[in-house]
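Enquirer: Line by line, the protein sequences give chains A and G. Counting from 1, position 175 in the first sequence corresponds to residue 175 in the numbering used here; the numbering is continuous, with no gaps. Counting from 1, position 68 in the second sequence corresponds to residue 68 in the numbering used here; the numbering is continuous, with no gaps.
It is worth saying that the hints were derived from the structure and are not from the lab. Just so you know, not all the hints are guaranteed correct.
Said to hold, decoys possible - Cβ-Cβ distance ranges computed for the label pairs, FRET-style: (1) Gly148(G) <-> Gln181(A): 28 to 34 Å; (2) Glu15(G) <-> Pro185(A): 30 to 36 Å; (3) Glu19(A) <-> Glu15(G): 21 to 27 Å; (4) Gln204(A) <-> Asp43(G): 52 to 58 Å; (5) Glu19(A) <-> Glu137(G): 30 to 36 Å; (6) Gly188(A) <-> Pro120(G): 51 to 57 Å; (7) Pro97(A) <-> Gly133(G): 43 to 49 Å.
Unchecked claim - A short list of chain G residues far from chain A (calculated; beta carbon distances all over 12 Å): (8) Ala119; (9) Pro120; (10) Ala140; (11) Thr149.
Stated by the list, open to error - Within a straight-line C-alpha distance of at most 20 Å, the following computed SDA-like cross-link-like pairs (lysine to any residue) qualify: (12) Lys203(A) <-> Glu136(A); (13) Lys51(G) <-> Ala29(A); (14) Lys151(G) <-> Leu7(A).
Quick caveat: nothing in here was measured; it's all calculated off a predicted structure. Glycine included, each C-beta is placed from N, C-alpha and C at the ideal position.
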Amino acid sequence: MNDNDLLDRMTRSTAWTEESGTDSSADLARGRARLRRRRVGSGVAVVLTAAVAVTGITLGTSQLDGQAEAPVTSTSPDPTIIIGMPDGRTCTVTYVPAPTAYYFDVLASHLDAGRTRLKPDQIPQQRAVSSCPEPEKPHGGGFTATWEEAGGIGVVYFGLAEKGAYGPVPANAMPGLRADQCLQPSMGTRFTSCRLITTDDGKQVRVGTTGSQAFWASYVRPDGALAVAMVDGNGRNIAPSADPADTKPIVAAPSVTLDALIAAVTDPAFQLETY
Amino acid sequence: MTGQPMRGNARRDREFSDYVLNRRSRLLATAYLLCGDRHAAEDLVQTALAKLYVAWPRLKHDGSEDAYVRRILVNAGIDASRRPWRREQSAAELPELPATPASGLEDRDELITALAALAPRQRRVVVLRYWLGLSIEEVAADLQITTGTVKSQTSKALQNLRSQLTDPRLAELTEDRS
């Protein structure tokens, strides 16, 4: 007689749970719904980033803790959300497939043509369509993806921000991409080295590294757009708010090179889309 | 690009469904031992599985999904116990069990009541070690405490359980289990 007796009593007390687990459909539906909510939250953050850049809207300090939630006055069934604007207007925002979905293919051609390590996220790239009237203008796009290597999982980011959609923002505004930094503010990756280099053909590219684990390249193109490519072997850096219980192993040294990232961000195949 | 996500989603759904079918009852039992309430346990498991579904592509399917969902359960269970709406405990809502000679209603209620009387950390240690069979080192890693703390909390928890459980066999519980 020993601690097995305690286990026996636990087993008896939880015997009723044996009837659970015969149907996974409800759990599957809840998981899908949670995934959709995360996607919409991220989408709202993207929309607001663009709004800040275009209209100069600033958010109060207290709103910065909940960037995605603050301006959302209500939500309707996915994928439409309603955003309250500072002038009292409300706009509905829906999501459609992004015309820049081919960005992944272009980036893969530079980093991992065989796609044995670079894997697309399972959420299709989307763009927001707002009901508030907006003049057509060039838009960039972006995505995150997964880098799988040596049993570990890292994260990949690519973004193309049109002129005016990046740069320093007012103190209380939501930070975004900047040409003078190696930083994607919504991700946890921090670079210990960040410097401007000139390529053999005269292009000025900002490159960053954190040891052999994370790599960054960004380039202000002739059309004024900022192209950014980043690979981080630590998949937990996909978002600073990631669950601390997450147990993803990291890729200590992803097999990418700065040259490949530089070739990617200077590739004119990434095009702005007007809508 | 357009085809791969669909295949990925189908694979995720299939693997996740298999995981749920194989593990759900065990997870529900763990949650029940942690929180002492059948409905709250169901809520905990639903939340943990929804989080697991989101994280599924980034988890190596070599057992780390078990650790991932276990940590969610343990942490969420304690968080939930601190919320005002969780302060009401109803023994009447405990589930009925098939009557067997070795297991009476008093026996079951006594154990859940005794576990609920433990300090949260002691309860977590007991469930992780005795129900899930984790080693001292694994419990320490899960709870982010030292192995010494695991041992001392185990000792205190068992002492408390001994004082509350009437089964004389449990008087022989020792903290030497590793």
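Enquirer: Could you tell me which of the numbered hints above are not met by this structure, giving the numbers in increasing order?
Expert: Hint check: 1, 6, 12 fail, others pass.
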